[in-house]
Structure formats: C-alpha cells, structure tokens
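Make a model of the complete structure from these sequences and hints.
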Amino acid sequence: MAKSQISMTVNGKKVEELVEPRTLLVHFLREQLHLTGPHIGCETSHCGACTVDLDGKSVKSCTMFAVQANGTDIRTIEGMAAADGTLHALQDAFREMHGLQCGFCTPGMIVRAYRLLQENKNPTEEEIRFGISGNLCRCTGYQNIVKAIQYAAAKLNGVPFQEAAE
Amino acid sequence: MIPASFAYHRPSSIKEAVTLLGSLGDDVRTIAGGHSLIPMMKLRLASPAHLIDLAGIADLKGIREDGEDVIIGAMTTQHEVIASDFLAKKIPILSETSIVIADPQVRYVGTIGGNVANGDPGNDMPAVMMCLNATYHAVGESGERRISAREFYQGAYVTALKPGEIVTAIRVPVPAAGHGHAYEKLKRKVGDYATAAAAVVLTASGGKVASCSIGLTNVAETPLWAEEASKIVIGSALDAATVKKAITAAEAITSPASDGRGPAAYRTKMAGVMLTRALGRAKARAGF
Numbered sequence: 001m002a003k004s005q006i007s008m009t010v011n012g013k014k015v016e017e018l019v020e021p022r023t024l025l026v027h028f029l030r031e032q033l034h035l036t037g038p039h040i041g042c043e044t045s046h047c048g049a050c051t052v053d054l055d056g057k058s059v060k061s062c063t064m065f066a067v068q069a070n071g072t073d074i075r076t077i078e079g080m081a082a083a084d085g086t087l088h089a090l091q092d093a094f095r096e097m098h099g100l101q102c103g104f105c106t107p108g109m110i111v112r113a114y115r116l117l118q119e120n121k122n123p124t125e126e127e128i129r130f131g132i133s134g135n136l137c138r139c140t141g142y143q144n145i146v147k148a149i150q151y152a153a154a155k156l157n158g159v160p161f162q163e164a165a166e
Numbered sequence: 001m002i003p004a005s006f007a008y009h010r011p012s013s014i015k016e017a018v019t020l021l022g023s024l025g026d027d028v029r030t031i032a033g034g035h036s037l038i039p040m041m042k043l044r045l046a047s048p049a050h051l052i053d054l055a056g057i058a059d060l061k062g063i064r065e066d067g068e069d070v071i072i073g074a075m076t077t078q079h080e081v082i083a084s085d086f087l088a089k090k091i092p093i094l095s096e097t098s099i100v101i102a103d104p105q106v107r108y109v110g111t112i113g114g115n116v117a118n119g120d121p122g123n124d125m126p127a128v129m130m131c132l133n134a135t136y137h138a139v140g141e142s143g144e145r146r147i148s149a150r151e152f153y154q155g156a157y158v159t160a161l162k163p164g165e166i167v168t169a170i171r172v173p174v175p176a177a178g179h180g181h182a183y184e185k186l187k188r189k190v191g192d193y194a195t196a197a198a199a200v201v202l203t204a205s206g207g208k209v210a211s212c213s214i215g216l217t218n219v220a221e222t223p224l225w226a227e228e229a230s231k232i233v234i235g236s237a238l239d240a241a242t243v244k245k246a247i248t249a250a251e252a253i254t255s256p257a258s259d260g261r262g263p264a265a266y267r268t269k270m271a272g273v274m275l276t277r278a279l280g281r282a283k284a285r286a287g288f
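As you go down the protein sequences, you meet chains A and B in turn. Numbering follows our numbering, with no gaps: position 115 of the first sequence is 115. Numbering follows our numbering, with no gaps: position 178 of the second sequence is 178.
It is possible that part of the hints are untrue.
Unchecked claim - Derived Cβ-Cβ restraints for the label pairs, each shown as a range:
hint, chain 1, residue 1, chain 2, residue 2, range
1, A, 155, B, 154, 49 to 57 angstroms
2, B, 15, A, 120, 36 to 44 angstroms
3, A, 139, B, 59, 42 to 50 angstroms
4, B, 227, A, 155, 50 to 58 angstroms
5, B, 13, A, 2, 56 to 64 angstroms
6, A, 156, B, 189, 29 to 37 angstroms
7, B, 146, A, 78, 42 to 50 angstroms
8, B, 47, A, 139, 35 to 43 angstroms
9, A, 119, B, 227, 37 to 45 angstroms
10, B, 1, A, 2, 36 to 44 angstroms
Hints in this document: simulated from the structure, not taken from any laboratory. Remember, predicted model here, so these are calculated numbers, not experimental data. Glycine included, C-beta positions come from ideal geometry on N, C-alpha and C.
In structure tokens, the structure reads:
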C-alpha cells in the first residue's frame with residue numbers, strides 16, 4: 001500500500017515522515033520516532049497507557065492512525081520536562097508522592113493528568129478520579145496517583161499541599 | 001495488533017465524501033472518531049480496502065438552532081456535547097448521556113454521529129434519540145433524506161442507512177422548557193456498555209404527566225422506544241401503581257442476550273429498575 005506523507009509537531013519539534021495508512025499512532029511514535037513513553041498496554045482502548053496529548057485533547061494513541069494525526073500538535077511524556085531536564089510539576093509529584101510502583105501506566109497517567117489540570121486547575125478528589133477513569137493502574141490502587149495529582153495542582157497553583165485525612 | 005492494509009481518503013466536503021463513497025466499490029467504510037471501527041480493524045473483524053475519514057469536513061461539525069429544533073453535526077464529539085452550555089440548557093439529557101459513555105479519552109474523540117449511526121445496540125445515544133424523537137439527516141449521491149431515529153434501527157448493526165449514505169447531522173426537537181429528564185445507566189465499570197439503561201423525557205401540568213417518552217438501551221438487538229410504557233404514565237401523577245404498570249410494559253418489550261453483563265432475565269429486570277429511577281428523577285426535575 002502506498003505510503004502517505006504526514007507532518008506534525010511532536011514535543012515542540014516539527015516532524016515529517018512517510019507512513020502506511022494502517023500504522024497506528026502509537027506504533028509510529030514508538031517505532032519511527034523512537035518515543036517509547038507511550039506504552040502499548042491493552043491495545044483495545046481500555047487501559048490508557050498509550051495516552052498522548054493531541055491538539056489539547058487526551059487521546060489513546062493505540063486507537064488512532066498516524067495519518068489521522070497529520071497536522072496536529074502532539075505531546076508525549078518525553079515532552080513534559082523542560083529542555084534543561086527540570087521535571088514537570090506532575091513528574092515531580094509522582095516521585096514525591098510515590099504515585100507509581102511498576103511504572104507502566106505512569107506516562108499515560110501523567111499526560112492525562114496534564115490535560116485534566118489544564119481544564120480544571122483545582123480539581124476535587126472526585127473530579128481527579130473521574131478525570132483519570134480512562135487510565136488503569138494495576139499496582140497502586142490509585143491512592144497515591146490521586147495524591148500526586150493533588151500535590152502537582154497545589155504546586156502549580158502556588159498553594160501549600162494539604163493531605164486529606166485518611 | 002495491526003489492521004489490514006487500506007487506502008486512506010480525507011475529503012473536505014460532504015459532496016466529495018459521498019462521491020468517494022459511491023466510486024470506491026463495496027469494500028469501503030467511513031471513519032468518524034474510530035473508537036468502534038479501529039478496534040474492529042485491529043481484530044480483523046473489519047478490513048475495508050478504503051477508509052474515508054470524515055474529520056476534515058467542517059460542515060459536519062457544530063451545534064446550531066433551527067427553528068424549534070437543534071441540529072448537531074455528526075462529527076461533534078461527546079466531549080463537545082458535554083462542554084456545550086447551549087445543549088445543557090436546551091436538551092440536558094444529551095450531556096447527561098455523553099458523560100456516562102466510555103472514558104475521558106474516548107469522549108474527546110468519539111462522535112455523536114458515529115454513536116447513533118453505527119447501529120451497535122450497546123451505544124447509549126440511539127435510545128436517547130428515540131426518546132427525543134430525533135431525526136437523522138442522511139446524505140447520498142441523490143441528495144438528502146431524513147430518517148426518524150424511531151425507524152432507523154433494524155437489527156444489531158443493521159440500520160435504515162443505505163450503502164453510499166452518510167449521517168451528516170442529528171435534528172433534535174427541543175423539549176418544552178421546564179421538562180424533566182433522566183438517563184439512568186447500569187454498568188459494571190467505567191467505560192462499559194450498559195447492562196441496561198433507560199432514558200426519560202417528560203412534561204408535567206397540574207401535578208400530572210402531560211407528555212412522556214421512554215427509550216431503553218442494550219436490552220434487545222436494537223435500542224427500544226417504549227411507546228406503551230410512555231402512554232401508561234401520561235395523565236398520571238406517577239403514583240406507585242402506575243409506575244409498576246409502565247415498568248411491566250417496558251420489560252415486556254425487552255429481549256436481551258445472556259452475556260457477561262448477566263443473564264437475560266436479570267438484564268430485563270435491571271431495565272425496569274433503571275426506568276423506575278429515571279422516572280423518579282425526571283419527575284423531580286419537572287417539579288412535581
């Protein structure tokens with residue numbers, strides 16, 4: 001099958017590539033651009049490990065063809081930290097609050113939480129849980145993930161983090 | 001999982017899309033949000049030779065008023081339905097339904113047109129559109145025709161849409177101001193299809209139901225419009241005896257499959273429970 005020329009911005013860099021129409025966005029990112037942050041988990045659009053930020057939306061890159069992403073602006077976990085390596089508030093928060101165990105879901109969680117905090121700067125615990133309901137974690141029971149997002153929100157808002165009573 | 005090869009087309013107008021659809025042979029599919037089709041393609045349950053992406057067609061987007069109706073472009077995403085203050089004010093059952101579909105990532109991409117046109121009995125919007133007496137605009141090479149949601153669904157994945165036609169928009173008559181509504185959905189987990197779900201829109205006058213329409217999701221091969229049950233509650237104050245009679249009538253038209261969501265008898269009963277709750281909530285919202 002003839003390849004299609006696509007161009008997009010990925011983590012702030014302009015990218016031009018040839019892809020087969022059937023190439024899924026997650027395979028394109030991982031295998032052609034060598035961005036292995038978006039993980040392939042369930043492959044059936046349930047787990048959210050492949051989540052990337054695309055034109056201001058959280059999308060599951062395993063359920064989109066790379067050609068559909070032509071012309072878009074994409075951010076993966078690799079684009080979260082500053083150019084000098086300073087971690088994004090969410091990355092720092094996941095470390096501080098121990099928001100991961102095996103780490104497989106973490107890139108998707110952080111990229112999803114990034115969009116959640118863009119849309120709702122000060123979410124309640126319930127809003128966080130609802131907001132990350134498209135991302136599965138099989139290790140943590142979500143407690144520390146929710147806490148990490150609360151911690152990051154507080155930091156980004158410039159207010160002290162107050163841990164809720166257990 | 002890698003889908004079979006296909007040729008990708010991205011038309012920029014409805015006319016161009018319909019022309020492509022008419023010229024590429026039988027082995028062609030349109031793709032909207034793709035969250036039903038792409039998983040099917042990955043599993044090779046679908047392997048179209050041509051894929052026509054509707055995402056580049058500006059005319060398929062947007063929400064607007066047309067007289068007494070609201071017209072929602074087929075490519076409007078569930079996320080956009082939820083974010084629309086206009087819809088929240090005019091037809092609040094739509095955002096209440098959208099928000100229980102799938103999960104945030106899927107709602108950013110999944111479209112209302114795909115949800116109604118796919119013919120999957122698990123989809124939530126079809127029963128809501130039957131409840132609202134919505135009409136689908138279908139465009140083919142010979143022009144546009146309008147199909148009532150109540151006549152659109154013929155079987156699982158079988159609809160009144162003809163080969164070569166695209167659903168371009170959904171026309172919804174705006175329910176009377178002050179109406180009560182509810183969409184009650186029982187599901188096993190976030191993102192799941194309904195075990196059973198019920199949609200209710202009603203109006204009240206003098207402490208009695210003046211009009212009522214009921215839709216049921218995922219308890220038959222097609223979404224259901226529960227006409228008999230709707231008629232039973234009209235003129236009543238939604239007293240317990242009347243509600244019970246309506247539930248019996250609604251349960252009688254269900255024929256769910258026994259599957260991972262439970263045995264058929266259970267799903268029928270759950271349709272009744274969802275309807276009881278939906279009637280109660282719609283009643284409270286209608287203020288009587």
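Verification of the hints:
| no. | hint | verdict |
| --- | --- | --- |
| 1 | A/155 - B/154: 49 to 57 angstroms | holds (55 angstroms) |
| 2 | B/15 - A/120: 36 to 44 angstroms | holds (40 angstroms) |
| 3 | A/139 - B/59: 42 to 50 angstroms | holds (46 angstroms) |
| 4 | B/227 - A/155: 50 to 58 angstroms | holds (56 angstroms) |
| 5 | B/13 - A/2: 56 to 64 angstroms | violated (23 angstroms) |
| 6 | A/156 - B/189: 29 to 37 angstroms | holds (30 angstroms) |
| 7 | B/146 - A/78: 42 to 50 angstroms | holds (48 angstroms) |
| 8 | B/47 - A/139: 35 to 43 angstroms | holds (36 angstroms) |
| 9 | A/119 - B/227: 37 to 45 angstroms | holds (40 angstroms) |
| 10 | B/1 - A/2: 36 to 44 angstroms | violated (22 angstroms) |
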